[in-house]
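Spelled out, the chains give:
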Amino acid sequence: MSLMAEPSASGRFGEFGGRFVPETLVPACMELEAAFTEAWADPTFRAELDHVLHTYAGRPSVLTQCHNLGQQLGIRLLLKREDLNHTGSHKINNVLGQALLAKRMGKRRLVAETGAGQHGVASATAAALLGMECKVYMGAVDVERQALNVFRMKLLGSEVEAVHSGSRTLKDAVNEAMRDWVATVETSHYCLGSVMGPHPYPWMVREFHRVLGDEAREQCIGLTGDVPDVAVACVGGGSNAIGLFSGLVDHRTRLVGVEPAGGAAVARAQPGVVHGMRSYLMQDEYGQVLEAHSISAGLDYPGVGPEHSHLASIGRAEYPNVTDAEVVEAFQLLSRSEGIIPALEPAHALAWIVRAAPDLRGQTVLMNLSGRGDKDVAQMMDVLKL
Amino acid sequence: MTTDLTHGPMERAFRASRAAGRKLLVPYITGGYPGWQDALRAAVAAGADAIEIGIPFSDPVMDGPVIQQASQHALESGATPVSILHEARGLDVQVPLAVMLYYNTVHHAGHERFAAQLRDAGIVAAIVPDLPLEEAGPWCAAADAAGVETVMLAAPTAPDSRLPLIAARARGFLYSVGLLGVTGERSSLAGTATALAARLKAVTDVPVLVGVGVSNAEQAAEAVKVADGVVQGASVVRRLIEHGPDAVGEYVASVRAAIDA
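Line order of the protein sequences matches chains B and L.
First residue of the first sequence: -7, per the working numbering; consecutive thereafter.
First residue of the second sequence: -6, per the working numbering; consecutive thereafter.
There could be a bad hint or two in this list.
[Claimed, not checked] Per the computed footprint, the stretches of chain L lying under chain B, defined by three or more beta-carbons under 8 Å from a beta-carbon of chain B, are:
(1) -1 to 13
(2) 45 to 52
(3) 100 to 109
(4) 125 to 138
(5) 151 to 164
(6) 173 to 179
[Claimed, not checked] Facing chain B, a subset of chain L residues (Cβ under 10 Å, in silico):
(7) M55
(8) D56
(9) G57
(10) V75
(11) Y95
(12) Y96
(13) N97
(14) G115
(15) P122
(16) M145
(17) L146
(18) Y168
(19) V170
(20) G237
(21) P238
[Stated by the list, open to error] Computed Cβ-Cβ distance ranges for the label pairs, DEER-style:
(22) L/S180 with B/H156: 40 to 48 Å
(23) B/L122 with L/E69: 48 to 56 Å
(24) B/R260 with L/D198: 44 to 52 Å
(25) L/S247 with B/E178: 29 to 37 Å
Hints are computed from structural coordinates only; laboratory data are not their basis.
Ideal Cβ placement from N, Cα and C applies to all residues, glycine included.
Throw the hints in and build the complete structure from the sequences for me.
If you want it as structure tokens, here you go:
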């Protein structure tokens, strides 16, 4: 059996996961679990999703070998180019899956949270494509630093609401999206953007992103004759990493999820319960959830998806963290050496590779380039003062 | 009347009051908010049958703007679960005290340890709105052992088959969620409020109290035509925020009068 098989009946990956939601949402989670289970086993649904992934989202995404940077670092560096997907990140895989499922369930409205805005843009895109209503909650801090994505969402016909409570970032956007869903559960689907939240979300979102891990494995074997020695991805909630890991977990590949130093939930290894799940969570001595701090809005989250906590606890994946300064360096490095401007989120993965390169000499390192950097250039203009 | 030994102190008191024809009134007050202890005493003096003390949490997903604001203020004032329970111990009021808190507060402290902390503080019941039936087992076992009554919530979205399961696990009272949505005042009582209370009354003899969206004395009176009582949250906390503890007493007295009429 795969190390990343289905969760238990209670939605557990080992001792993590579960369904810690207000009673109002329990029937909706059960209904969603049943609907996803049925749809995922239905060849018609799978074909419908595959078709839209191929003809609309641009799958499969290519695998790029970075000759310049690889030579510089002494490794064979391969990038899974999720940045080339429609809407500019891996997020579209999950969103198209959930939107098609929501439509199949008779829901007419999507509710979503977003940090960097990539999931919000993807949700707004899917809603436009499928003729659904969409409301996106975004922390007020993130609305400021990701103004371009806010405009994109509006252009796509979605409503964007700035969230002013708490830390005014991703965590609080999730709270507000859940409050909306509690009130609108009969007509709305909560299109959660990562492998987090109550069962079945961590499992369902992983399955929708599995495609990128499966593609990456086959592409790597096609190019090099073998699976990669190391697979690296950034981790906020952890959806792009889980997609990559799911394709490689049953092989010999070393799995590395990179967290921001200011949001290193796994490093603290303290289980907690928030947003419907039991997982590693940054919290104070009374269990109040701490605010994460990261240069990247998409990773500014104090928790992590429950399956990552499980993979960490059994030692199958490792979760180092990198500083904002290392990320800024990596952001520029990829731009200059390969002509690829990464989003700040995957720049975390590259930052770790740069740091670890002396120990990786001669190895094949496959990194998930989960999104492109267009959304971050305004912020980086301020940081770099170029 | 025979002595009721099968139920905890809150449920005993509620069943006895109900038998005597009294409708139950449970105001919610955010623990740690400036003046909360005075507000609590004023509410008791004005005829509350029990008090629900809110333990503030950083991420209160079941709460609307008013209770969020009070929680955040309390946290910024330095309130912690420990400080609130310590202050509760000194209240010396003659009605049962419950806490309303989010599950991570319990999870972080540890089930047995937290149940003991509640018991030692004189708290007889706990309401944990993000701990549904399927996840409640470990906490309920610890709470039962410590003599703390765990109030279960039932929501309008529950199919009929689910309600008896929730009722069977409910101690103290059964919290009938009045509408689809978070805590906060609404201009009218949702039709779901009395509909769910009636569905619950049909399957259990545990006292059924409607909360969430019961926003004033008139709505409370309407709710108790079907339910055994009401929980009053945002309407109480808003008065505490805007006008202070005395206003809480005046408001609770007005609700008391309306449901007794």
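Results for each hint:
Coverage of the stretch -1 to 13 of chain L by chain B is violated [criterion: at least 3 residues with CB-CB distance below 8 Å; count 0]. Restraint check on the stretch 45 to 52 of chain L versus chain B: 3 residues with Cβ-Cβ distances below 8 Å, three needed, restraint holds. With a cut-off of 8 Å between beta carbons, the stretch 100 to 109 of chain L has 3 residues touching chain B; three or more are needed, and the interface restraint holds. Check result for the stretch 125 to 138 of chain L against chain B: holds, 4 residues qualifying (beta carbon to beta carbon below 8 Å, three or more required).
Under a criterion of three residues with beta carbons nearer than 8 Å to beta carbons of chain B, the stated coverage of the stretch 151 to 164 of chain L is upheld, 4 such residues being counted. Requiring three or more residues with a Cβ within less than 8 Å of a Cβ of chain B, the coverage given for the stretch 173 to 179 of chain L holds, as 3 such residues are present. The closest approach between the C-beta of L/M55 and any C-beta of chain B is roughly 5 Å, which is under the 10 Å cut-off, so the hint is satisfied. Taking 10 Å as the C-beta contact cut-off toward chain B, the hint placing L/D56 at the interface holds, the least distance being around 8 Å.
Interface hint at L/G57: satisfied, since its Cβ lies 7 Å from the closest Cβ of chain B, which is below the 10 Å cut-off. For L/V75, the interface hint holds, the least distance from its beta-carbon to any beta-carbon of chain B being 7 Å, beneath 10 Å. The closest approach between the C-beta of L/Y95 and any C-beta of chain B is roughly 8 Å, which is under the 10 Å cut-off, so the hint is satisfied. Residue-level restraint check for L/Y96 holds (minimum Cβ-Cβ distance to chain B is 5 Å; threshold 10 Å).
Against a cut-off of 10 Å between C-beta atoms, the interface hint on L/N97 holds, since the closest Cβ of chain B lies about 4 Å away. About 20 Å separates the beta-carbon of L/G115 from the nearest beta-carbon of chain B, more than 10 Å, and the hint is not met. Given hint, L/P122 at the interface with chain B, holds; its Cβ is 5 Å from that chain's nearest Cβ, closer than 10 Å. Contact between L/M145 and chain B, as hinted, is supported at the beta carbon level, the nearest pair being about 8 Å apart and thus within 10 Å.
Against a cut-off of 10 Å between C-beta atoms, the interface hint on L/L146 holds, since the closest Cβ of chain B lies about 5 Å away. Below 10 Å, beta-carbon pairs count as interface contacts, and L/Y168 has one with chain B at about 9 Å; its hint therefore holds. Of the supplied interface hints, the one on L/V170 holds, with its beta-carbon coming within about 6 Å of a beta-carbon of chain B, less than 10 Å. Taken as an interface hint, L/G237 does not check out: its beta carbon lies about 24 Å from the nearest beta carbon of chain B, beyond 10 Å.
About 25 Å separates the beta-carbon of L/P238 from the nearest beta-carbon of chain B, more than 10 Å, and the hint is not met. Restraint check, L/S180 to B/H156: a C-beta distance of roughly 24 Å breaks the suggested window 40 to 48 Å. Distance hint check for B/L122 and L/E69: the Cβ-Cβ separation is about 43 Å, which falls outside the suggested range of 48 to 56 Å. With their beta carbons about 47 Å apart, B/R260 and L/D198 fall inside the hinted range of 44 to 52 Å.
For the pair L/S247 and B/E178, the supplied restraint of 29 to 37 Å holds, since their beta-carbon distance comes to about 34 Å.
When held up to the earlier numbered hints, the structure conflicts with 1, 14, 20, 21, 22 and 23 and fits the remainder.
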